[in-house]
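Given the structure of chain X, go ahead and fit chains L and F onto it with the hints provided.
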Amino acid sequence: MAIPNGSSTSHEDIDAEIDFSDIEEKYRVDFDDGFDSVIVVDDVPIIDQSKLDRLLQKIAKDFSRKGAPIKPEDIFVPWDDAADKSKGYVFIDLRTPDAAAFAVAAMHGHQFDSRRQFKVNRFMDIEHYANMDETYIEPQTEEYQPKEHLRAFLTDPQGRDQYVTYRGDDVDIHWHGKPSQCEIAYSKKGWTDLYVSWSPLGTYIATLFRQGVRLFGGPSWEPQQRFAHPLVKLIDFSPCEQYLVTWSHDPISVPPNLPQGPEYFSPEDEGNNIAVWDIKSGHLLRTFPTSTLDGEDPTAKKQMQWPALKWSADDKFTARVTAGQHISVYELPSMGLHNKKSLKIEGVVDFEWCPHGEKDRDEADKASAAGKTKKARENMLAYWTPEVANQPARVTLVNFPSRTVLRQKNLFNVTDCKLYWQNQGDFLCVKVDRHTKTKKSIFCNLEIFRVREKDYPVEVVELKDTVTDFSWEPKGERFAIVSSNDPNLGNPGPGITIKTDISFFQLDRAKNDFKLLHTLTSRTSNTIRWSPRGRHVVLATVGSSSKSELEFWDLDFGTEDRREGQVVKEEWGSGIQQLGSADHYGVTDVEWDPSGRYLATSASAWRHTLENGYAIWDFRGQEVEKHLLDRFKQFIWRPRPRTLLTKEQQRQIRRNLREYSRAFDEEDAAEESNVSAELIAHRKRLVDEWNAWRAHCKKDIAEEKRN
Amino acid sequence: MRPILLQGHERSLTQIKFNAEGDLLFSCSKDHVINVWFSHNGERLGTYDGHNGTVWTIDVDSQSKYLVSGSADNTLRLWAVSTGKCLFTWEFPTAVKRVAFSDDDEQVVCITEQRMGHQGAIRVFKINGDGDGTNQSEDPLYMFHPIGSKATVCAFSYTPNVIITGHESGKVALFDVSTGNEILNNERAHMDVVTDLQLSADASYFLTSSKDKTARLHDTKTLKVLKTFSTETPLNSAALSPNRPYVLLGGGQEAMQVTTTSLRQGKFETRFWHKVFEEEVGRVKGHFGPINTIAVHPAGTSYASGGEDGFVRVHHFDDTYFRAKPYGDMEIED
Amino acid sequence: AERHALQVRRALVARRRELLAELSVRKEKEEASRRAESSRRERDEEAKRAKADAARKELERARKEIESIRTEEAKKLAQNLIKRGGLKVSVNEMEDLSTDSLMRLQVEQLEKEKKELNERLRIASKRIDHTERAYRKEELPLLASDYAT
Numbered sequence: 001m002a003i004p005n006g007s008s009t010s011h012e013d014i015d016a017e018i019d020f021s022d023i024e025e026k027y028r029v030d031f032d033d034g035f036d037s038v039i040v041v042d043d044v045p046i047i048d049q050s051k052l053d054r055l056l057q058k059i060a061k062d063f064s065r066k067g068a069p070i071k072p073e074d075i076f077v078p079w080d081d082a083a084d085k086s087k088g089y090v091f092i093d094l095r096t097p098d099a100a101a102f103a104v105a106a107m108h109g110h111q112f113d114s115r116r117q118f119k120v121n122r123f124m125d126i127e128h129y130a131n132m133d134e135t136y137i138e139p140q141t142e143e144y145q146p147k148e149h150l151r152a153f154l155t156d157p158q159g160r161d162q163y164v165t166y167r168g169d170d171v172d173i174h175w176h177g178k179p180s181q182c183e184i185a186y187s188k189k190g191w192t193d194l195y196v197s198w199s200p201l202g203t204y205i206a207t208l209f210r211q212g213v214r215l216f217g218g219p220s221w222e223p224q225q226r227f228a229h230p231l232v233k234l235i236d237f238s239p240c241e242q243y244l245v246t247w248s249h250d251p252i253s254v255p256p257n258l259p260q261g262p263e264y265f266s267p268e269d270e271g272n273n274i275a276v277w278d279i280k281s282g283h284l285l286r287t288f289p290t291s292t293l294d295g296e297d298p299t300a301k302k303q304m305q306w307p308a309l310k311w312s313a314d315d316k317f318t319a320r321v322t323a324g325q326h327i328s329v330y331e332l333p334s335m336g337l338h339n340k341k342s343l344k345i346e347g348v349v350d351f352e353w354c355p356h357g358e359k360d361r362d363e364a365d366k367a368s369a370a371g372k373t374k375k376a377r378e379n380m381l382a383y384w385t386p387e388v389a390n391q392p393a394r395v396t397l398v399n400f401p402s403r404t405v406l407r408q409k410n411l412f413n414v415t416d417c418k419l420y421w422q423n424q425g426d427f428l429c430v431k432v433d434r435h436t437k438t439k440k441s442i443f444c445n446l447e448i449f450r451v452r453e454k455d456y457p458v459e460v461v462e463l464k465d466t467v468t469d470f471s472w473e474p475k476g477e478r479f480a481i482v483s484s485n486d487p488n489l490g491n492p493g494p495g496i497t498i499k500t501d502i503s504f505f506q507l508d509r510a511k512n513d514f515k516l517l518h519t520l521t522s523r524t525s526n527t528i529r530w531s532p533r534g535r536h537v538v539l540a541t542v543g544s545s546s547k548s549e550l551e552f553w554d555l556d557f558g559t560e561d562r563r564e565g566q567v568v569k570e571e572w573g574s575g576i577q578q579l580g581s582a583d584h585y586g587v588t589d590v591e592w593d594p595s596g597r598y599l600a601t602s603a604s605a606w607r608h609t610l611e612n613g614y615a616i617w618d619f620r621g622q623e624v625e626k627h628l629l630d631r632f633k634q635f636i637w638r639p640r641p642r643t644l645l646t647k648e649q650q651r652q653i654r655r656n657l658r659e660y661s662r663a664f665d666e667e668d669a670a671e672e673s674n675v676s677a678e679l680i681a682h683r684k685r686l687v688d689e690w691n692a693w694r695a696h697c698k699k700d701i702a703e704e705k706r707n
Numbered sequence: 001m002r003p004i005l006l007q008g009h010e011r012s013l014t015q016i017k018f019n020a021e022g023d024l025l026f027s028c029s030k031d032h033v034i035n036v037w038f039s040h041n042g043e044r045l046g047t048y049d050g051h052n053g054t055v056w057t058i059d060v061d062s063q064s065k066y067l068v069s070g071s072a073d074n075t076l077r078l079w080a081v082s083t084g085k086c087l088f089t090w091e092f093p094t095a096v097k098r099v100a101f102s103d104d105d106e107q108v109v110c111i112t113e114q115r116m117g118h119q120g121a122i123r124v125f126k127i128n129g130d131g132d133g134t135n136q137s138e139d140p141l142y143m144f145h146p147i148g149s150k151a152t153v154c155a156f157s158y159t160p161n162v163i164i165t166g167h168e169s170g171k172v173a174l175f176d177v178s179t180g181n182e183i184l185n186n187e188r189a190h191m192d193v194v195t196d197l198q199l200s201a202d203a204s205y206f207l208t209s210s211k212d213k214t215a216r217l218h219d220t221k222t223l224k225v226l227k228t229f230s231t232e233t234p235l236n237s238a239a240l241s242p243n244r245p246y247v248l249l250g251g252g253q254e255a256m257q258v259t260t261t262s263l264r265q266g267k268f269e270t271r272f273w274h275k276v277f278e279e280e281v282g283r284v285k286g287h288f289g290p291i292n293t294i295a296v297h298p299a300g301t302s303y304a305s306g307g308e309d310g311f312v313r314v315h316h317f318d319d320t321y322f323r324a325k326p327y328g329d330m331e332i333e334d
Numbered sequence: 001a002e003r004h005a006l007q008v009r010r011a012l013v014a015r016r017r018e019l020l021a022e023l024s025v026r027k028e029k030e031e032a033s034r035r036a037e038s039s040r041r042e043r044d045e046e047a048k049r050a051k052a053d054a055a056r057k058e059l060e061r062a063r064k065e066i067e068s069i070r071t072e073e074a075k076k077l078a079q080n081l082i083k084r085g086g087l088k089v090s091v092n093e094m095e096d097l098s099t100d101s102l103m104r105l106q107v108e109q110l111e112k113e114k115k116e117l118n119e120r121l122r123i124a125s126k127r128i129d130h131t132e133r134a135y136r137k138e139e140l141p142l143l144a145s146d147y148a149t
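Chains as they are written, first to last, in the working numbering: chain X, 1 to 707; chain L, 1 to 334; chain F, 1 to 149.
Pulled out of the complex, with its shape left as it was, chain X reads as follows (with noise of 0.2 Å):
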């Protein structure tokens, strides 16, 4: 799903509401009472009653000076009757037990004057002491606490995926499964702020705050970490999860009595908006200004790129653009600059890099077992510049770090590019959108390199309408494309839905260039989500307020009863297949789980307030379950790492199906008929209710009659 824009939402709407009680709770520290913000701050000068303003006045600058803001109210001094003078020690409530901490930590030892210096404890301990036992005790040595299994979630005996929903204050995390299997995991009120977020492989869930973000996770949902960026609006996660984004509108900003640590901001990061944090340590790796272009009126209001910093796929750089000027990349995890320059390319647009697929990890592993240091792939990057004077636009694709570049290729009359790399790092498609030479109207190149093949050939799908999205296939050899002549195209409107046509292409074995597959005219799709296995493919419209349709598309069908490795020649795109339609009224978001069985839509209160909530269907487009929810904001299936089963086990289980089978078709009818005795036996229950209070009703009234 979709993060909400960055502004659309405020921390100060939701700010006085949120319950943190329960965390409160948690992790109060048992005092015995309720004094445990009140300090003793001994070796204060004894005075008499007129000298008693002057030293509140100055024994409360002291403090407000060091960080602990207290007035001159706060502090009760006890009093010597007997001689009238005050007995050289103070009492202070700092109203709460962390401001408490803080003065304690702050003020002792303190120079009040020439002579004396403050000694600062907390009440409750001056107590403790008191009545300290002397003897020694010798202490328990703490039990070893194993840390939860962050990844417990996938050791789920059922297999089950889960999910995330954030539901007016309510986040939810429910487990999906068969029908019976389907509950809450863990459910919070007040758990974010803003919205909620997973992270790349599963293991956190992040919500944010106004203080800042936190990473939960573990069985029980422990606060796993915490990043203090004041006011965060936006996250963005590294791809191996080492690293974390974050981003305010509002300028950083250090006040003297913040704490201060590798965890905070310091006063170097002021003025600063993005910030890079270590997600183990939770330290503080740098801060970075919004970038805007040199000359341009900085309050000018621009879409902001967001992820501002785009990391490779090894965690190992990252780097961000200058438009026009250079791309930055820096080294992880000292967040330094890469060999102290920056890659200098006069005009640059965007870039993107190179995502690393199974092969290239599959790979890096068997090197690092084998303890061989044997050069593995470099990371790869491409980027595009555009038109200048006589230069023509160019797509440039560069190793990083030896910063070769690998390929160029100039292209003419071009008005913007888009980079899709698949998702294996095979192919790179360039969406070049040109304009005829008066530039009166735009049609569309598809440039689309073969990155694993010598000398990095190009082909290039001419195109005559605009093409509005594109998309590869995961893992695949196939991408679809949603293209559009509709002349009111550029121009939305209320009400106004775009006609489009949906086209898939497919690499050509033989020929080895990508050719049209098949396509699907007057549609009002505009939206690809492919299944993340491949294959399934769903079509939808989002976002127009008078269609909703889901296709539910199938590019290999019936080819799955052919043995493995068996080729069978067939027509050419004779294996597509619409396996089903549905409407979700509303729809904003469509989401695949991440096994490929299951579809997620939602709309979102984000968007729109009508008949708000999400459905689930399965991949044929039969729906599973449906909640209309006042209020609902968002749904997020909970990511899953990269499988620990090698090709070969994978390969077997696939070989052995048919066993497998037998018991999940078990398990299967056990549940169907589990489930319906159930629900049968509730209902009776229901009616028996209804029944016995109905009986009760109709003596009553004939009672109430008879009187």
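One should not assume that every hint holds.
What the hints assert, rightly or not - Cut-off 30 Å, straight-line C-alpha distance, at most; resulting in silico cross-link-like pairs (DSS-like, lysine-lysine):
id: 1; chain 1: F; residue 1: Lys115; chain 2: L; residue 2: Lys325
id: 2; chain 1: L; residue 1: Lys285; chain 2: F; residue 2: Lys114
id: 3; chain 1: L; residue 1: Lys213; chain 2: X; residue 2: Lys547
id: 4; chain 1: X; residue 1: Lys705; chain 2: L; residue 2: Lys221
id: 5; chain 1: X; residue 1: Lys684; chain 2: L; residue 2: Lys221
id: 6; chain 1: F; residue 1: Lys137; chain 2: X; residue 2: Lys647
Since the hints were made in silico from the structure, they are not lab data.
Just chains L and F now, kept in the frame of chain X:
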């Protein structure tokens, strides 16, 4: 189940009512007119003319002799059902929002609106059935001003002198009309305006609908919520279906809030819910605007819905409706 | 007096002749108009007949066209059905099949295809579900050891 479309109103419907036998259907509307129809074929029998403002509410007595109506013209009127003649008119400082006959036809309760410095009032009138019906008392038998949230709907309970009210705040309450005392209430019955209140045959429980998108079934004696039916649109009306364990709910987002209606054209639906299981069992669409009022035939053989679109749709249930037993053979008391 | 009488007679005769001539002219005229009338009627009838004829012919033609479209459609339907491998009749036998029965056949065919599709989908769905569950089941021990390290 082909519906009969009654096209006799020029503006949105406000309330529809079957008479006790179910052969007649009364309807009133913002167009100032009250119509009466033969329920079996939709033929219009006549009109009751005289009101000079939106007719908000009507009720008919158990003998189909008298009809009462309340209107935005600040009057409550008594009509002879058979002749269409207006027998008596009571005038108030503000509009009449709800009327209801008592079980014995001897009393009528009416709610007048709180407006322009006038408090909302609940009055009970004695209906004099002697003679030609024109000899009525100007003064109410009882009158009181319920404090707190405005009353929007009301009905007589099975206990003499006790009425059930639904309020703007979502409250439902029991009032003793002779003293004006609130006997019992449930402040949190609904979270928003109560829009309709209909009683079971023996008045021992009642159904309310609300803008809070739910309809609820309440125990008349304790005001406890027995069942809740949660939908996704504000509800304007809810009706109980005699002899079948269903409730019928109607409503819809108001036209102003729907950005484009094209998708929803003719899709404003009457929803059927199972009374006991709280599960939705079916929908009937057809209206071109929100449904304002629903009434079920006293024998449960048909139902009618009146919409913002100015139409009344009468549906006669077909055999399959009565034969269908989607939940098996469980006997459910009405 | 005789002359006078003669004059009168002559005048009478002349008048009579005049009258006669007039009469014959009128008769002639009437005759002509009657003839014109009848010939006009004949022409009208002729035209009407021609029109009716044309209409009949048109109807005939339309019927023929409809017929031909229908047979064409039937042919197409049948061919379609044959192509899909559902119909077990040869093109020759097809002549005997009315469009209605063909339509029925097609409906049956579609019904059957739908059933087949559903059955295949059910199997595919089970396969996908069971494969995923099997993967996850086999991954469990690996996850435990992964955590231990």
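* Is Lys684(X) within 30 Å of Lys221(L), Cα to Cα? -> 25 Å, holds
| said: Checking one constraint from the list: CA of Lys285(L) to CA of Lys114(F), max 30 Å. Satisfied? | reply: The hint holds at about 28 Å.
- Between Lys115(F) and Lys325(L), does the CA-CA distance stay at or below 30 Å? With Cα atoms ~27 Å apart, Lys115(F) and Lys325(L) stay inside 30 Å; holds.
Item checked: Restraint check for Lys705(X) with Lys221(L), where alpha carbons must lie at most 30 Å apart -> 15 Å, holds
Just to be careful, I want the Cα atoms of Lys213(L) and Lys547(X) compared with a cutoff of 30 Å; is the pair within it?
Roughly 24 Å between the alpha carbons, so the hint for Lys213(L) and Lys547(X) holds.
Report task. Would you mind confirming whether the straight-line C-alpha gap from Lys137(F) to Lys647(X) stays at or under 30 Å? Result -> Holds: Lys137(F) and Lys647(X) sit about 16 Å apart, inside 30 Å.
Hint compliance for this structure: every hint is met.
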